Amino acid sequence: MPDIFADFSPEEPVRIPLLDSFLELPVIIQIAVIFIFISSASIVFIQVRIWFTRYKGHRMQKRLAVLLPLIDNLISEHIILRNDVMNNSVHADNADLDIDAFRLREFRKKGNKQILIDRLISYRKGFSGSTGALLRRLYLELDLDKVSFKKMKRSQWNTKVRGIRELTDMDISISDVNILPLTNSKRNELRSEARNAYIKLSKNEPFKFFDISTEPLLKWDQIELFKTITTTENIALPSFARWVTYSSNKSIVSFCLKLIVHYNQIDAGPAVVKLLDNKDHVLRAEAINCLGKLKYEEVEQQLLHIYSNQPLNCQLEILKAIGRMETRHSVLFLKQEFLYSTDFDIRKNAARSLVRNAPKALIEELMASSSEDGQLILKHSMNPLIKY
Amino acid sequence: MSKSIWDYIGSFFQGGVFVYGMVMLLTYALLAVLSFIAVNRFRKKEQYTDYRKLTSSPLAPGISVIAPAFNEGVTIIQNVRSLLTLNYARYEVIIINDGSTDDTLEKLVTEFDLVPIDFAYNEKIKSKPVRRIFRSTNTAYEKLMVVDKENGKSKADASNAGINASSFDYFLCTDVDCIIEKDTLIKMIQPFMAEEGKKIQEVGEPCPECGYVHIVEDKRRVIATGATLRIANSSDIEEGVLVRMRPPKALFPRFQEMEYIRSYVLGKMGWSMINSVPNVSGGLGLFDKEIAIKAGGYDPLSFGEDMDLVTRMCAYMRDNKQKYAIRYIPSTQCWTEGPPNLKIFGRQRTRWGRGLMQIMAIHKKILFNPRYGRLGLIVFPYNFLFEFLAPIIEVLGIIYYIYIIITGQINAQNALLLLLFVYLYSVMITTIALFWDQIVNRNYKTWIEVFGLSLMAFLEPIIYHPLIVFFALKGYYNFITGRKHVWGNMQRQGFGRPKK
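For the protein sequence lines, the chains are A and B, in the order given.
Residue numbers for the first sequence follow full-length UniProt numbering, beginning at 1 and rising by one.
Residue numbers for the second sequence follow full-length UniProt numbering, beginning at 1 and rising by one.
Derived from the structure by calculation, the hints contain no laboratory data.
You may find that some hints are simply not true.
As the list claims (entries may be wrong) - Derived lysine-lysine pairs resembling DSS-like cross-links, with alpha carbons at most 27 Å apart:
#, chain 1, residue 1, chain 2, residue 2
1, B, Lys44, A, Lys348
2, A, Lys348, B, Lys45
3, A, Lys320, B, Lys124
4, A, Lys279, B, Lys294
5, B, Lys45, A, Lys150
6, A, Lys125, B, Lys45
7, B, Lys294, A, Lys186
8, B, Lys219, A, Lys227
9, B, Lys53, A, Lys258
10, B, Lys289, A, Lys279
11, A, Lys203, A, Lys227
12, A, Lys125, B, Lys126
13, A, Lys62, B, Lys44
14, A, Lys109, A, Lys125
15, B, Lys294, A, Lys227
16, B, Lys153, A, Lys227
17, A, Lys113, B, Lys44
18, B, Lys219, A, Lys348
19, B, Lys364, A, Lys379
20, B, Lys126, A, Lys56
21, A, Lys200, B, Lys219
22, B, Lys153, B, Lys445
What the hints assert, rightly or not - Far from chain A, by Cβ distances over 12 Å, these chain B residues were calculated:
#, residue
23, Arg135
24, Ser234
25, Pro278
26, Ala315
27, Leu377
28, Phe388
29, Ala390
30, Val427
Only a predicted model underlies this, so the values are computations on that prediction, with no experimental measurement involved.
Virtual Cβ for every residue (Gly too), placed ideally from N, Cα, C.
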């Protein structure tokens, strides 16, 4: 038997020429050499990764090109182009639905199932009535809701959001136990999505989360929520004055003021008036704005009374509110502000409200007696081409 | 053998440059990591944000789009039409005709049915006198306003006039010949709205006086946002809309495209993560008008007016003890025409170099000043050490290199290894930036286009970078000697037109 250790002597260390010359280099150069290898490897790796990512995208496109026409054909044939559904002669729950036609081998794969879900949602958004209901039934009978619920249970916030979004789009109710805690999640994106879902899906008390929200309703979320509230059909609208009075969450109060204006809830006036004593001048300005848009005339005198103690943003809102109310009771006040204020914005807003409230003769008189600047502000305010 | 004083200086210089270089490389590595987090976060949010749904919201704040124009007669109509078709509910487009000597104004008046109006113009920021203000009698163009003013010899002066005439609380500053993506306004206003009142804490029981639980708010006011700009020199543009994005074919725009990707997607996104964005590009930036006015608006005498404004806005917030943030989004929202040749490119970079030195000189009190927080301890030191000093140190390094080569003090093997290390590291950083860009922007149709662009990273240190260093130093020299700068037209060739 050959002795493989014949030439090995424990006294003589093994020599690897390249490693030896590397170890002889100064430390700085050693670091540089290591980084040369790291950089080279990274450049190659990233290029391969870019190629692979794009290749994956390309493959996805190819897959979509095959699957989408297939799904479209199935949906057209079994749902959209059905005479009984088209003329609403049958209820979606009672209509015959050939589920097996959709249980194709292609849709067993996770990725393809997702394509099917996305396509169904896309169709559901485009169809209401019986067709929409039948699409929803198809989603349920194919057990695709389970896929979405599974996503909702995952730990990653973005997967949760996706699950909630799918269920909301397909109008699948989510129990309060599952969704309500998420409406107060620390993760803003998840919180926002859960709130939107709650508004859409809760049949009895869609605004219940307003009571429990301690996390702020960001301005951006307000836009999304406003869109959801104002576009959801058959939503049970409460009196938003309730939260204006009792909510300790300032952003909820601020949002409710916008909803009060949108739904013209004049009954909320007294609750909004109470906000005029609030210490937060931004909220106060929003309350004044709300009162003006509601044309809540009862508060006009109070607005005039508090005017001189307010910061500029509230003063401007008071001037606008008086203009919107169009009671003509405060023309003298507006005239004074227009003539004697030193602030350009106050003069401009006073002029605008004057144009809306004052008799033509007074405007002409002001035009004749004002300085050149004043005349320009009045002309500006009267010009229909200037909107803002 | 005893060492001379020059040997000591040489050793000190070598050691200093080594530490300097290492810190710079580590900063780039840190930016790469931070930008990756930021880009991924943005991508995740993008997956489920339907911006189209939100563009019509009455709750979205109004935005004034301000676009100065000087002798843009050839392309002005197409450019204004493009700006008028942005997807947003409440916005106005303000074109400032900065004393054009061509037919820019006449074309605007005819095309958009403009008439002069009595407009109460309030000069909150100084600018050259405004001659007339026009509005359209055609309701289709009711968003449009044209401000005709005397030439102020700078974009800054024209922008200031636009800010004075604007109606809304936010203004988007852009160049009239930039192509802006349709969803730009909603995407750029998002950081303003998503950050307000983010941290909020309840404290104690409801107040018996007002009924509220008094809350402690950690309000951070977003004062500006920026987005990625790209070079569109070889792209297909039809009617002011970019229909097919291609990497520029010409050498200089191609280098710039690569540089922009690195600067925006890696650099600015990384800085945005730690709220230390040094600058919001003059080509596309959305600003909080109140703060911009309080900071004094754009400085017409500045050669880097965009960076100067951002610096003053940040300093204003710090001086008034208000928390602020500047945010960037990585998605490409604006396409611009890059300088097509060395002459125009050199002029642009010389001005930037001069502007940087001017900013360093004007705002020197901010540098290393803890009173200015991140601005004084991160943003300005970075700009000073790695933007301003870099060209100087590089040139000194090259001179020293030549000296030690001549005097035979160099270890050729080690020197080459160090050079290779720096070279490959820089290529790696650019390649990473391109990868991050691919995560969030799929602007190029084919992989070959991406690969072709990434090859420029290998040429950059040899061709492009030395030129940047040269023009930056020229800018410093012009600033020091007070050489008169002539504001030149960029001599754009125009999008969507056959090149001459």
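Here is what the structure says about each hint:
1. Our distance criterion of 27 Å between C-alpha atoms is broken by Lys44 of chain B and Lys348 of chain A, whose separation comes to about 45 Å.
2. Note on Lys348 of chain A and Lys45 of chain B: the hinted pairing is violated, with a Cα-Cα distance of about 41 Å set against a maximum of 27 Å.
3. For a cut-off of 27 Å, the pair hint linking Lys320 of chain A to Lys124 of chain B stands: about 22 Å separates their Cα positions.
4. Using a Cα cut-off of 27 Å, the hinted pair Lys279 of chain A and Lys294 of chain B holds, with the two alpha carbons roughly 25 Å apart.
5. For the given pair, Lys45 of chain B sits about 20 Å from Lys150 of chain A by alpha-carbon distance, which is consistent with the 27 Å threshold.
6. At roughly 21 Å between alpha-carbon atoms, Lys125 of chain A and Lys45 of chain B fall within 27 Å of each other, so this suggested pair holds.
7. Proposed proximity of Lys294 of chain B and Lys186 of chain A is contradicted: the alpha carbons are some 34 Å apart, above 27 Å.
8. Between Lys219 of chain B and Lys227 of chain A the alpha-carbon distance is near 25 Å, which keeps this suggested pair within the 27 Å criterion.
9. Only pairs whose Cα atoms come within 27 Å are accepted, and Lys53 of chain B paired with Lys258 of chain A is accepted, the gap being roughly 18 Å.
10. A distance of roughly 25 Å separates the Cα atoms of Lys289 of chain B and Lys279 of chain A; the hinted pair therefore holds under the 27 Å criterion.
11. For the hint linking Lys203 of chain A to Lys227 of chain A, the alpha-carbon distance of about 18 Å falls within 27 Å, and the restraint holds.
12. For a cut-off of 27 Å, the pair hint linking Lys125 of chain A to Lys126 of chain B is broken: about 52 Å separates their Cα positions.
13. This hinted pair checks out: Lys62 of chain A and Lys44 of chain B have alpha carbons roughly 24 Å apart, not beyond 27 Å.
14. A hinted pair counts as satisfied when its Cα atoms are at most 27 Å apart, and Lys109 of chain A with Lys125 of chain A qualifies at roughly 24 Å.
15. Distance check on the hinted pair: Lys294 of chain B and Lys227 of chain A sit about 34 Å apart at the alpha-carbon level, beyond 27 Å; violated.
16. The hinted pair formed by Lys153 of chain B and Lys227 of chain A fails the criterion: a straight-line CA distance of about 45 Å is larger than 27 Å.
17. Taking the CA atoms of Lys113 of chain A and Lys44 of chain B, the gap is about 21 Å. The hint holds against a cut of 27 Å.
18. Distance hint between Lys219 of chain B and Lys348 of chain A is unfulfilled; the C-alpha atoms sit about 30 Å from each other, more than 27 Å.
19. Distance hint between Lys364 of chain B and Lys379 of chain A is unfulfilled; the C-alpha atoms sit about 46 Å from each other, more than 27 Å.
20. The suggested pairing of Lys126 of chain B with Lys56 of chain A is violated, with an alpha-carbon distance near 55 Å, which exceeds 27 Å.
21. With a CA separation close to 30 Å, the supplied pair Lys200 of chain A and Lys219 of chain B exceeds the 27 Å bound.
22. In summary, the hint linking Lys153 of chain B to Lys445 of chain B is not supported, as the alpha carbons are separated by about 40 Å, beyond the 27 Å threshold.
23. Annotated as non-interface, Arg135 of chain B brings its C-beta within 12 Å of a C-beta of chain A; the closest such distance is 4 Å.
24. No Cβ of chain A comes within 12 Å of the Cβ of Ser234 of chain B; the nearest lies about 20 Å off, and the non-interface call holds.
25. Look at Pro278 of chain B: its CB is around 25 Å from the nearest CB on chain A, clear of 12 Å, so calling it non-interface holds up.
26. Remark: the non-interface label on Ala315 of chain B is consistent with the geometry, its nearest Cβ contact in chain A lying 23 Å away (cut-off 12 Å).
27. Annotated as non-interface, Leu377 of chain B keeps its C-beta farther than 12 Å from every C-beta of chain A; the closest such distance is 28 Å.
28. The claim that Phe388 of chain B is not at the interface with chain A holds, since no C-beta of that chain comes within 12 Å of its own (minimum 26 Å).
29. Residue-level check passed: Ala390 of chain B sits 20 Å from the nearest beta carbon of chain A, beyond 12 Å.
30. The Cβ of Val427 of chain B does not lie farther than 12 Å from every Cβ of chain A; its closest approach is about 6 Å, which violates its non-interface assignment.
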